[in-house]
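K.L.:
One letter stands for each residue in the lines below.
2 protein chains.
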Amino acid sequence: MAIKVDFIASGTVTSPQGFHAGATYAGIKERADDVLDLGILFSEAPCVAAALFTTNRIKAAPLVLCQQRLATGRAWALVANSGCANAFTGGEGLADAAEMADLAAKNIGVSPENVLVASTGVIGQPLPMELIRAGIGQIALTRDGGHELARAIMTTDTLAKEAAVVVTAGEGGFIIGGVAKGSGMIHPELATLLCFLTTDAAVDIDLLKLALRRAADVSFNMVSIDGDTSPNDMVLVMANGRAGNKVISADSQEANAFQQGLDQVCIYLAKAVAGDGEGASKLIEVTVSGAISVAEARLAARTVVSSPLVKAAVHGSDPNWGRIIAAVGRSGAEVVESKLDLYLGDICLVRGGKSLPFSKPSAVELLSRGEVPIGLQLNLGTAEATAWGCDLSEEYVTINSQYTT
Amino acid sequence: MAIKVDFIASGTVTSPQGFHAGATYAGIKERADDVLDLGILFSEAPCVAAALFTTNRIKAAPLVLCQQRLATGRAWALVANSGCANAFTGGEGLADAAEMADLAAKNIGVSPENVLVASTGVIGQPLPMELIRAGIGQIALTRDGGHELARAIMTTDTLAKEAAVVVTAGEGGFIIGGVAKGSGMIHPELATLLCFLTTDAAVDIDLLKLALRRAADVSFNMVSIDGDTSPNDMVLVMANGRAGNKVISADSQEANAFQQGLDQVCIYLAKAVAGDGEGASKLIEVTVSGAISVAEARLAARTVVSSPLVKAAVHGSDPNWGRIIAAVGRSGAEVVESKLDLYLGDICLVRGGKSLPFSKPSAVELLSRGEVPIGLQLNLGTAEATAWGCDLSEEYVTINSQYTT
Chain A
2 MAIKVDFIAS GTVTSPQGFH AGATYAGIKE RADDVLDLGI LFSEAPCVAA
52 ALFTTNRIKA APLVLCQQRL ATGRAWALVA NSGCANAFTG GEGLADAAEM
102 ADLAAKNIGV SPENVLVAST GVIGQPLPME LIRAGIGQIA LTRDGGHELA
152 RAIMTTDTLA KEAAVVVTAG EGGFIIGGVA KGSGMIHPEL ATLLCFLTTD
202 AAVDIDLLKL ALRRAADVSF NMVSIDGDTS PNDMVLVMAN GRAGNKVISA
252 DSQEANAFQQ GLDQVCIYLA KAVAGDGEGA SKLIEVTVSG AISVAEARLA
302 ARTVVSSPLV KAAVHGSDPN WGRIIAAVGR SGAEVVESKL DLYLGDICLV
352 RGGKSLPFSK PSAVELLSRG EVPIGLQLNL GTAEATAWGC DLSEEYVTIN
402 SQYTT
Chain B
2 MAIKVDFIAS GTVTSPQGFH AGATYAGIKE RADDVLDLGI LFSEAPCVAA
52 ALFTTNRIKA APLVLCQQRL ATGRAWALVA NSGCANAFTG GEGLADAAEM
102 ADLAAKNIGV SPENVLVAST GVIGQPLPME LIRAGIGQIA LTRDGGHELA
152 RAIMTTDTLA KEAAVVVTAG EGGFIIGGVA KGSGMIHPEL ATLLCFLTTD
202 AAVDIDLLKL ALRRAADVSF NMVSIDGDTS PNDMVLVMAN GRAGNKVISA
252 DSQEANAFQQ GLDQVCIYLA KAVAGDGEGA SKLIEVTVSG AISVAEARLA
302 ARTVVSSPLV KAAVHGSDPN WGRIIAAVGR SGAEVVESKL DLYLGDICLV
352 RGGKSLPFSK PSAVELLSRG EVPIGLQLNL GTAEATAWGC DLSEEYVTIN
402 SQYTT
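The listed protein sequences correspond, in order, to chains A and B.
Taken in order, the first sequence gives residues 2 to 406; the numbers are from the working numbering.
Taken in order, the second sequence gives residues 2 to 406; the numbers are from the working numbering.
In isolation and in its complexed conformation, chain A is listed as follows:
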């Protein structure tokens, strides 16, 4: 079957048919121009839904609620806020998350158990429920409201992250869209941020779960900003079937097309998260090939892209490539010094474990670009993986040393 995946201009989480969203400024975040901090995503029809959650032992109240409600594999809507994580807030936090879902349910006319909740922001502070009660009625849902939802979940993000693709599979087709927020506490441990994905394809719950895990493995699980993970990390996908296609299951001819589309949206959002890391000025892309296994390739790529010393060197456009070697050496992946090749873009710095003379100005020029590609060929096997991250800047420190003060 011929498969085509095309990005939609200005695509977002409401690009798939039947999804509506909207947001408001409830006053949870401090006011700045154009700030939104409370949003709703709603599907005209009930959805098959699956999610990935943080591996942190401290789980925010909205995650606990979502885990319970997603046991059915179904959901109809989502309410999300930024500015307060509702994490480490005990029983009151759980009650607040449930009330937030109730308020949204009333607003959109569905029953509360079909409404999911997500929060992001400062940990350990109670949700300002008065503001949420007052704000939720202000939210107007529209078919174009995905753009507002994308902004409503931003914290230190400097750009809204949203995308959608049209997937054509033989005669049929469907749309997949999504929004995400990232910026800090970003590290590959299952899910690593807030991300809401939607599709108008009809998808079987088992395939939806499998496809989400696979897509996360090549996207969000390959992104690292600072090695921290948050109690609020969640990646959610909702499928409402409005495209009118036959339900796609693991055996369907369209399963592969659905996977490709979902992968593309997730990789796009993951790279947007990496490139917009706190204080980031550059996206770093590390590709490790020739590894003994995919697991080792992933480990090696993620370790290099996470290394504070590699990140700082890239920030200063300093071709201090020994740090890349040191990072891959400690990654846990099998590495043989005498077999290693190292590339910066198409400049070969090391071949067979021997450093080659290279033009320093060319290397500095390459490191000064907005996207810095690092390639490691281990020459031990055939497995390959790519990870994304960002440079470490003085600004990262400045942002994070003054977050609550």
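Any copy, or any two copies together, can satisfy a pair, since identical chains are not distinguished.
With a straight-line Cα cutoff of 20 Å, these simulated DMTMM-like cross-link-like pairs (lysine to aspartate or glutamate) come out:
| id | residue 1 | residue 2 |
| --- | --- | --- |
| 1 | K30 | D319 |
| 2 | K340 | E93 |
| 3 | K355 | E93 |
If you're looking for bench data, these hints aren't it; they were derived computationally from the structure.
Starting from the known structure of chain A, fit chain B onto it as the hints suggest.
P.N.:
Just chain B, lined up with the frame of chain A:
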């Protein structure tokens, strides 16, 4: 047996009897005031010697040489340089390390196979052997030369790290001394820096190995600066028996005294390494108690002290304690939200999983000190561990974005 451990004023690696050291400026590092970059440590009598090495798969040439030579459990001298790591330098690097030992052996009149080698500095560059050949003859060994050796192994360290203790055990006694360098690429994976320890006690090789591992476990293995490990990490201990005591073995009454003394020297040096981390302005001490096992207490303490977000918050004296909770939650240690207590010095911020009101000015004042104590009581068991690290500053980034340029 009564055991006393007392620090010696201006103690160093040559404080134990029979040890001599010296250093010179060979020109490997760029010149600044008072720079030394090549040093020798020498014992009048042959030593029983043991070492811990990096777990990085890329091992620097001097480490490979030391691993071979320490198979005998004996050594007589050490030559060390800073400014070039002689790491990722292949067969030439091994030949250079061996020649460096030969040159030192000739200088001090012992046979080359009794001489160990250590290097630290930029990875992937060949040792400038011409400079080393010319420099090594300039080194004059003295009983007070430990202070020079301490300076000769510094890279971005701002302070020399050295200490010595007198251990009194019953009627007898002996001295243990050491020097270390740290600053960057510091993370708990076996050894994590260069550290040379000496003692004039006579110690059995099996006890020496065991005591070194135990001492590292409560000191160097509990220090994190940036999560990176280097190909050059090595902790070495040499015992020459000049104190004239009976050989201490695992069964001796003095074994415990030796362990206490070694622990004290290692903890002192480890804290000095942590407090002098690249760009650091504060030492952070994280104590986790009430853990299910010592392994989990260690994991939790190290994860909190390594968290970039915790480190940045401490830098800004921002009492954003949710980040401490998030870090312990992702550590892998068993944590139950409703049982957790969190202290900043003696200020209790969280008790039984509930945040308490606290004086923000007091918390900010405490975070502004040179040593910031963080306490986590998990209330699940009886195990405890302490880890040390430093704040993350804009200066760390500046230093590391311009290291080779």
